[in-house]
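*Asks:* The lines below spell out each chain.
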Amino acid sequence: MATTASSRRTIGRTGVPLVELKGVSKRFVRTLDAAAKIGNVFGAGLKEEVVHAVDRVDIAIEPGEVVGLVGESGCGKSTLGRLAVGLLPLSDGERYWNGVALSSLRGLQARTQQLKMQMIFQDPYASLNPRMRVIDIVGEAPVAHGIIRPQAKTEYVGLQLNRVGLDPTLMRRFPHQFSGGQRARIGIARALAVKPEFLVCDESVAALDVSIQAQVLNLFMELRSALNLTYLFISHDLGVVEHISDRVVIMYLGRVVEAGPAAGLFSAPNHPYTQALLAEVGKVEPKKRTFAPIKGEIPSPLDPPTGCHFHPRCRHALPRCRESPPRLREVAPGWSSACHLNDA
Amino acid sequence: MSAAGPSQGARPLCKEGGREVRAAASVGEVTRSPPLLEVAGLRTHFFTRAGVVKAVDDVSFTVARGEVLGLVGESGSGKSMTGYSIMGLIDPPGRVVAGTMRLDGRDLRAMSAEELRQLRGNRVAMIFQDPMMTLNPVLRIDRQMTETILAHERVSAATALERARAALVKVGIPSPDERMRAYPHQFSGGMRQRVAIAIALLNNPDLIIADEPTTALDVTIQGQILYEMQKLSRETGAAVIWITHDLSVVAGLADRVCVMYAGRIVEEGTTFDVLTHPRHPYTQGLLDSVPSRSPRGARLKQIPGMTPSLLDIGGGCAFRDRCNQATAKCAEQPLMAAIGDPGSGQRMRCHHPLHWEAVA
Chain A
22 MATTASSRRT
32 IGRTGVPLVE
42 LKGVSKRFVR
52 TLDAAAKIGN
62 VFGAGLKEEV
72 VHAVDRVDIA
82 IEPGEVVGLV
92 GESGCGKSTL
102 GRLAVGLLPL
112 SDGERYWNGV
122 ALSSLRGLQA
132 RTQQLKMQMI
142 FQDPYASLNP
152 RMRVIDIVGE
162 APVAHGIIRP
172 QAKTEYVGLQ
182 LNRVGLDPTL
192 MRRFPHQFSG
202 GQRARIGIAR
212 ALAVKPEFLV
222 CDESVAALDV
232 SIQAQVLNLF
242 MELRSALNLT
252 YLFISHDLGV
262 VEHISDRVVI
272 MYLGRVVEAG
282 PAAGLFSAPN
292 HPYTQALLAE
302 VGKVEPKKRT
312 FAPIKGEIPS
322 PLDPPTGCHF
332 HPRCRHALPR
342 CRESPPRLRE
352 VAPGWSSACH
362 LNDA
Chain B
543 MSAAGPSQGA
553 RPLCKEGGRE
563 VRAAASVGEV
573 TRSPPLLEVA
583 GLRTHFFTRA
593 GVVKAVDDVS
603 FTVARGEVLG
613 LVGESGSGKS
623 MTGYSIMGLI
633 DPPGRVVAGT
643 MRLDGRDLRA
653 MSAEELRQLR
663 GNRVAMIFQD
673 PMMTLNPVLR
683 IDRQMTETIL
693 AHERVSAATA
703 LERARAALVK
713 VGIPSPDERM
723 RAYPHQFSGG
733 MRQRVAIAIA
743 LLNNPDLIIA
753 DEPTTALDVT
763 IQGQILYEMQ
773 KLSRETGAAV
783 IWITHDLSVV
793 AGLADRVCVM
803 YAGRIVEEGT
813 TFDVLTHPRH
823 PYTQGLLDSV
833 PSRSPRGARL
843 KQIPGMTPSL
853 LDIGGGCAFR
863 DRCNQATAKC
873 AEQPLMAAIG
883 DPGSGQRMRC
893 HHPLHWEAVA
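As you go down the protein sequences, you meet chains A and B in turn. Everything in the first sequence is counted per the working numbering, starting at 22 for the first residue and increasing by one. Everything in the second sequence is counted per the working numbering, starting at 543 for the first residue and increasing by one.
Mixed in with the good hints, there may be bad ones.
Stated by the list, open to error - Calculated cross-link-like contacts (lysine-lysine; reagent style BS3-like; alpha-carbon spacing at most 27 Å):
hint, chain 1, residue 1, chain 2, residue 2
1, A, K58, A, K68
2, A, K43, A, K216
3, B, K871, A, K316
4, A, K137, A, K43
5, B, K871, B, K843
6, B, K773, A, K316
I should point out that these hints are in silico values taken from the structure, not numbers from a laboratory.
The whole structure should be built from the sequences, with the hints applied where relevant.
*Replies:* Here it is in structure tokens:
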């Protein structure tokens with residue numbers, strides 16, 4: 022478990038990170054419609070609704086690293102993943118690839134750059150077009166981007182399918198003819214078909230059965246070493262994240278509350294939220310557990326608590342937690358946590 | 543509650559499941575009070591155009607009062623269909639084709655539709671995976687809850703409301719009076735599931751069948767729901783069948799576990815026995831697949847292949863194509879047999895069970 026710290030690779034926080042997000046924010050705004058604007062003329066006092074889905078987040082991912090991004094639903098982890106690959110425009114902040122600001126790229130340069138980042142989605146049912154055959158699902162992008170010639174599609178798709186452990190003779194089939202695990206593999210093959218270097222996996226194994234999940238996790242690990250991939254692995258399943266990640270980032274309500282090496286963070290979490298979260302990790306040990314959950318639910322991001330977002334549920338909350346939001350501060354080399362308790 | 547007499551020991555037994563039923567009953571007599579629910583040789587088949595899908599195939603188990611039974615399996619293993627069969631919720635083209643299900647000695651299969659309706663939501667309640675699908679989106683919570691009471695009892699609306707409110711308090715919903723007047727979409731996922739549990743508890747059921755009720759929830763919310771369920775089953779003495787694919791939930795919650803694969807129970811025993819020394823290679827494979835059980839970054843021991851289509855399983859052990867112990871003998875369907883310490887109640891369905899040396 023966490024104590025068997027792997028010393029396979031010690032990733033120093035030196036050198037240029039492959040992907041870096043600096044001060045990234047995403048706000049979703051529901052603008053006032055015409056009726057509300059007219060209402061405001063007469064003093065209705067209606068305001069735009071703003072959700073701070075992601076609030077000034079900094080993440081740096083070294084080449085070859087697997088970073089686990091953990092949080093409960095609504096904490097902004099999927100939004101952050103989409104921001105990282107560029108599926109959503111940023112409200113604030115900047116993305117860097119090998120130190121180059123991505124907003125400075127234009128045209129062809131931006132497009133080829135974009136291919137290096139791909140995403141694997143959560144739902145292997147919804148993320149594949151039901152009316153396309155596998156050969157088109159996997160082969161469309163490489164042809165469109167000129168990676169292969171259209172005539173080479175069959176052969177190329179066959180290679181891609183082989184690599185993810187699917188029988189290439191099945192490529193003329195439709196997604197509904199595959200099982201969940203096979204569909205997950207199709208999604209992976211599609212992402213890998215354009216030769217990416219960085220993959221964002223958004224809950225990519227959450228919909229799979231345990232035995233199939235183990236197969237897909239093993240596939241991720243194999244591909245990582247074979248193709249020298251870098252992952253941002255988004256999941257709510259702490260067991261999976263603990264297993265696969267080198268470093269872990271914990272999010273709560275749009276903010277990063279703790280980030281650190283997986284081995285350390287899972288054995289000695291610093292932030293009270295991380296501690297509470299880890300206490301809930303189900304261990305497959307046949308011991309009657311008394312479930313002692315943390316109270317309350319994740320608050321609405323429309324109206325987040327003041328100060329530290331976690332303070333209403335935190336058992337160590339101080340008066341100042343209500344007033345000022347704590348900064349992410351380094352608690353150990355390469356390990357930071359956003360909690361006022363660390364200042365004491 | 544009508545106190546029907548406990549079922550008698552000697553009953554007509556179905557042919558194939560005969561041995562296991564008798565074995566289970568004898569264990570039951572030694573260690574437990576007469577079971578509340580007794581399922582023997584249950585077969586639920588779906589007659590589709592492509593062929594007969596044996597979703598549940600010769601499943602036998604018992605649940606005692608106050609006991610939490612974990613029914614574990616991957617998708618398509620028949621665990622939900624077992625639950626639906628008990629509730630009488632199998633729709634065509636599916637049909638319960640064989641077996642007996644006795645609740646307190648009363649044969650569920652012999653009941654008329656009306657008798658079953660009286661039973662459901664009253665003595666047997668079910669909690670489903672997705673509370674948004676089971677709560678009516680256009681009815682307020684108070685209406686949905688009182689409806690459940692009024693369908694089974696002649697009480698005044700005020701009494702029903704009061705009981706509904708009490709049930710909401712029991713499952714830990716803050717400001718119940720306000721929440722009674724809310725619609726399902728105004729609740730969060732965890733709160734919705736609490737409402738669904740409150741509805742299930744309204745008529746003090748003897749048996750609760752919970753079908754993956756925490757799968758759609760966050761871990762902290764899952765912890766809260768498990769905490770409530772644990773407390774409630776202890777307080778009310780209701781038996782619980784907890785259907786899940788998540789071994790870690792079962793590990794902390796259940797007294798006994800049945801592991802299902804391709805429509806059959808392949809292993810059964812106390813949670814401790816099954817999780818610490820599984821006898822069936824599938825159970826072992828399932829445990830090995832759990833990431834938190836192996837060292838970080840190490841390759842997970844995976845079960846090769848995938849679950850077979852229930853259409854063309856054929857005879858023999860359904861797991862043999864994925865099993866590293868399989869021999870020619872596995873082409874013959876193994877029978878459920880007791881294994882290990884007699885009295886432990888551990889049973890499995892395998893020709894080549896795993897052996898554990900240090901097992902007392």
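*Asks:* Run every hint past the structure and note whether it holds.
*Replies:* Taking the hints in turn, this is what the structure says about them:
For the hint pairing K58(A) with K68(A), the CA-to-CA distance comes to about 9 Å; that is within 27 Å, so the pair holds. Using a Cα cut-off of 27 Å, the hinted pair K43(A) and K216(A) holds, with the two alpha carbons roughly 25 Å apart. Annotation: proposed proximity of K871(B) to K316(A) is violated, straight-line Cα distance about 54 Å (limit 27 Å). A threshold of 27 Å between alpha carbons decides the hint, and for K137(A) with K43(A) the separation of about 19 Å falls inside it, so the pair holds.
Our distance criterion of 27 Å between C-alpha atoms is met by K871(B) and K843(B), whose separation comes to about 25 Å. Straight-line distance between C-alpha atoms of K773(B) and K316(A) comes to about 16 Å, which keeps the hinted pair within the 27 Å bound.
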